[in-house]
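Protein chains: 4
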Amino acid sequence: MDNKFRVAVIGASGYTGGELLRLLTLHPQVTLTRVVASEKSKDLPVASLLPHLTKVYDCSLSSLNTALIAKEADVVFLALPHTQSLEPVAAFLAQGKHVIDLSADYRLQDPKIYEQWYQTAHTFPDLLKSAVYGLPEFNRGAIAKTRLVAVAGCYPTVAILQLAPLIAQDLIEQNSIIIDAKSGISGAGRTPALGTHFPESHEAIHAYKIGKHRHVPEIEQELARLAPAPSSKTTSSSPSIIFTPHLIPINRGILSTAYAKLKPGIEQTHLDAAYSSRYQNEYFIRLFPNSELVNPKNLRGSNFCDLSCTYDPRTGYLITTGSLDNLVKGAAGQAIQCMNLMLGFPETLGLTAPGLFP
Amino acid sequence: MDNKFRVAVIGASGYTGGELLRLLTLHPQVTLTRVVASEKSKDLPVASLLPHLTKVYDCSLSSLNTALIAKEADVVFLALPHTQSLEPVAAFLAQGKHVIDLSADYRLQDPKIYEQWYQTAHTFPDLLKSAVYGLPEFNRGAIAKTRLVAVAGCYPTVAILQLAPLIAQDLIEQNSIIIDAKSGISGAGRTPALGTHFPESHEAIHAYKIGKHRHVPEIEQELARLAPAPSSKTTSSSPSIIFTPHLIPINRGILSTAYAKLKPGIEQTHLDAAYSSRYQNEYFIRLFPNSELVNPKNLRGSNFCDLSCTYDPRTGYLITTGSLDNLVKGAAGQAIQCMNLMLGFPETLGLTAPGLFP
Amino acid sequence: MDNKFRVAVIGASGYTGGELLRLLTLHPQVTLTRVVASEKSKDLPVASLLPHLTKVYDCSLSSLNTALIAKEADVVFLALPHTQSLEPVAAFLAQGKHVIDLSADYRLQDPKIYEQWYQTAHTFPDLLKSAVYGLPEFNRGAIAKTRLVAVAGCYPTVAILQLAPLIAQDLIEQNSIIIDAKSGISGAGRTPALGTHFPESHEAIHAYKIGKHRHVPEIEQELARLAPAPSSKTTSSSPSIIFTPHLIPINRGILSTAYAKLKPGIEQTHLDAAYSSRYQNEYFIRLFPNSELVNPKNLRGSNFCDLSCTYDPRTGYLITTGSLDNLVKGAAGQAIQCMNLMLGFPETLGLTAPGLFP
Amino acid sequence: MDNKFRVAVIGASGYTGGELLRLLTLHPQVTLTRVVASEKSKDLPVASLLPHLTKVYDCSLSSLNTALIAKEADVVFLALPHTQSLEPVAAFLAQGKHVIDLSADYRLQDPKIYEQWYQTAHTFPDLLKSAVYGLPEFNRGAIAKTRLVAVAGCYPTVAILQLAPLIAQDLIEQNSIIIDAKSGISGAGRTPALGTHFPESHEAIHAYKIGKHRHVPEIEQELARLAPAPSSKTTSSSPSIIFTPHLIPINRGILSTAYAKLKPGIEQTHLDAAYSSRYQNEYFIRLFPNSELVNPKNLRGSNFCDLSCTYDPRTGYLITTGSLDNLVKGAAGQAIQCMNLMLGFPETLGLTAPGLFP
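Chains as they are written, first to last, in our numbering: chain A, 1 to 358; chain B, 1 to 358; chain C, 1 to 358; chain D, 1 to 358.
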């Protein structure tokens, strides 16, 4: 116990915060010292917001007191709404903490792009240089060395993981990428609204924010890093993606179906080789030859991301499906994976529980 | 009563057959004279298979006796599995009946394509010439004149309706069409199987039959008819589509999200004009400016098909969403719409009930 | 058209109001002249609140102007939250209208009981005398003669229908009645709240308001009317019930399972005879010998109430299950059934559509 | 690794078997050495039946070879359909193994009652004497000493846990117990059938096997053991229960609502004291003052059983709600809890993970 790292979670009233708490109980090397929710929940038991944690965490909720938390924690997870992390991240960094931010506030390297998509100025642009995009499969080394991780978004995680081998190996026409993603409703957060009221969202499905979802610039930023250096012939190396998210009536899980035109001569064997060579040593990536098995059903509560790719000889397109639990590999699980890297633990520590099925 | 048309429904044990019975109760100009299910259900009450029809249809089930049915019915609906309609359709036509087939057996004009996708020879290829594809918004005149309608499939109906204005007006690059469709589980039929067992399909979503679904040739056949005549410069006038169906945990309804690259200069106003001019007089087509409103939720049990289209200026693509109830506009409702045309009734007769919400 | 009755619906933003509109489209003898929602929705199209009614009702929403509505309507339906109907009901009655109130405001005959359970004084106690409890199977004659119907609540409708034959024929020990009811979430209304937020209520079930639900006095009031006159030996003729409602993850529908100790000598045949004799001429009541068929699944969108009763020889108890659609037979359908009686139409007019299955 | 106990799981193709595998991955002191499914699955990977275990168990399935399994395992879990465990349990006992049977085959102490409810003779009645009913909260000591545990059924576990304090302390009239239970559909097993086909069971609820469910004798047997010794005045000490199970559209979880008439003078404080004193040291039992919090939602995937009790002063009845995950505390989790006792481990070892929420 004495040698465990002390951890604080800020933003415990939402689904991501609750999931951080659940997963931290499974981690053998950390102790939870502070759980922060809104001012009005102060001193209430954790279980008043998250009844499933009754008997698991019998501590009380705190309000956001940076100095106090800094004294009691080595690692701080922030699961706050976008724009609300800007200031506390800076404060905890100034106190020398390991900071793991699950909002989008430190994900976009260019503050102008942040401002454009989030309609607010970035108040700590200098910190963006030290912020590492929290997708361990691609930024493992940098995560291990930084004090600030901006955990990848849920849609971007699966989109990047399913497209990266194709882009890195230059197998597809970059400006042909279409991502049709379907997310469970926990992805919309815990604040009640008409659109997520049970009778409105049950037996329903719809697209939303077509062409305008804030994960677009995040996906484009990361795919651009993976693209091979442009030759003199190519006019642009940054892929411009089409991204359409949908809300589907499940609690957890994303299925992302992505399409891209293959370069001439590329067939199924090249695709299989690309995925397999890239991911064969990645514990959390599971490759399935049959796309019907890529289903959030098979990974709920786990940190896996399942992938498949199918070559369509009639059209010369690649169709790849990818799935993850938006609250685990798409948020809290990935955050703990990053923490393991930052603290020098084995990357999978505390994260190996399989999904709940059925 | 005396002047009503007499109707038989063959294949009452499935969801499509049940839906035909439900909708026929709402139709003022027909009388149901025979309801046919399998041999083993013979003489059982209709409600033994379809308890929701208790007190609505208190008649008994018959087995498939072509001569008897021909004697008692003017119009025959067949809701049988694919390949099982081939022979009875021919038999009822020979008896001079109006035949409305909901299987795929008479949809594909080219018997070789049928054989390729259904792995069985078409035993009545000559009848294909008189078969009219049952999509009234496009084949109204021909349906009114034929004795054999092959009702359009569920996915093809929405795909064709959402893409037709773009193709007919030559607004898109035809070989860029991608259709990402999501269907409720009634679309998989009523026969129990592991994949549709509740605990397996609830809280689940997956793609299936990527590049191999039998609705591909049907969509391509109909879109090709709509395409403008090829100029000398174009190599091909038939669009080759990419079609990925998914199963989602709702009972009824399809949402189809389709993507296509716009020809140079085409923007939102051109798209809106194309849809609006094509569909302004179509009662069953509803156009929504906001894609979030295109949702099977809003049309369950009704014969509507809801559409939206969104121009993405960042990429020059069009994203269109379309929705219908797979058992109504995607099957039984459309069949009755065709019947109305064949019998000279107003096309919307008996079909104007709004959807059940929530 | 000219001879149709003119109808207004007040409270169109909720599920009950929406369902009234849907069902009124199926009614051949009425015309909708006013649809009232909140002040802020004034002049918006009906479809802005209820997109499924696009093209079905293309009229605009009004605000609550009693004088104007009285001028334009013969019949007024009020689908307002409890306590908000008190005053407008009085106003419309004063104008000589047929008033059909779907709230609980005029259901309880004793204003003191109303005050006790609704924590507010009844401001029009004199009107309670003319208010008829809107359960046509029991109050047919009175409904036909009154100007004010207080439509029965959803839980009370099924509870009374399933228990009435037992009580009226004195087959059970009255103080042993236990009602364990399960309702779909549309029964909780359309206002978003944490408990009905999709991720909280999906894959969930819980009891609520044990011993305190406001439908208790309503059920007891109506069952007391049905009880045989107390003999000198009996200490009380009014049944005191135990009622436990549960919320289950379906959109529509109630299943009510009720238990009662049988009087000595009563067996299955007596039970069957009691239900059958009472309900054989009631179109909307369907009796099933197999309790597994009593399922809201079989009547969604319809005005049926399905019942079964099972004698348990091991314990001498009766277990009865009853089911209805809380928005139809439990609200809007029953309201129209009452209207038919008030206006002299056949009772089932416009209400015979079967349920949507699956 | 060397000192770990070796475990075999027989019946891996069903949900209970799959859940045993999932939970065994979380247990630090056992090694899985054999996973047995049907003959036709022999040599296939575990993930062919249970894709969520891909990368978690990369071993192959075996067929049922008793001798081989006995050689490779110290503990054998059997998750077979009822009646199929009779013989293999005897065989593994003869080999000196610790046997944990999840079927009902060794739960009923009286072979005549087994024969009556399971319509088959018990072929090893002598073994029933050594079989201990696997409900650790009541049989802790006996479980620790036996070689054969018959793990309690899912409904009986929650029913006994919610009623035991009342019966043991003589607070209720024993012949008034009514249990209205609602189960998720995984409780019906993994074999597809029409009643559990998604479109039939989604948006549905129904009672089944009223008065005839096989868990009745099991509940009665165990409650009888808890009842205080009959005084000379009482005619019977064995409670006869009314038990009505329902199927609800969730994957996992049971909510059981039980009713009983309180003895004179018993009120809320006595109830609270009874539950609290009985369960204050039971880790897996959580008591909630608010019955709305007793919800399978809060314990999915965990070994908790949540309880509440409400006194209804109007009627003198107690209403208690209880909830558990039918596959964990109702099956696999409880089996491992029993194993921990048999092997001398802390009872909660490997079972402390909280539920998955939402």
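FYI, nobody ran anything at the bench for these hints, they're computed from the structure.
Worth double-checking, as some hints may not be accurate.
If chains are identical, the list can't say which one is meant, so a pair holds when it fits in one copy or spans any two.
Stated by the list, open to error - In silico BS3-like pairs for lysine-lysine, Cα to Cα no more than 30 Å straight-line:
id : residue 1 : residue 2
1  : K4        : K71
2  : K4        : K55
3  : K209      : K4
4  : K263      : K129
A quick look at each hint next to the structure:
1. Only within a single protomer do K4 and K71 lie at most 30 Å apart by alpha-carbon distance; the minimum there is 15 Å, versus 41 Å between protomers.
2. Taking the shortest Cα distances, K4 and K55 sit within 30 Å of each other both inside one copy (21 Å) and across copies (29 Å).
3. When the C-alpha separation of K209 and K4 is checked against a cutoff of 30 Å, the pair qualifies neither within a copy, at 43 Å, nor between copies, at 44 Å.
4. When the C-alpha separation of K263 and K129 is checked against a cutoff of 30 Å, the pair qualifies neither within a copy, at 35 Å, nor between copies, at 40 Å.
Taken one by one, the earlier hints fail for this structure at numbers 3, 4, listed in ascending order.
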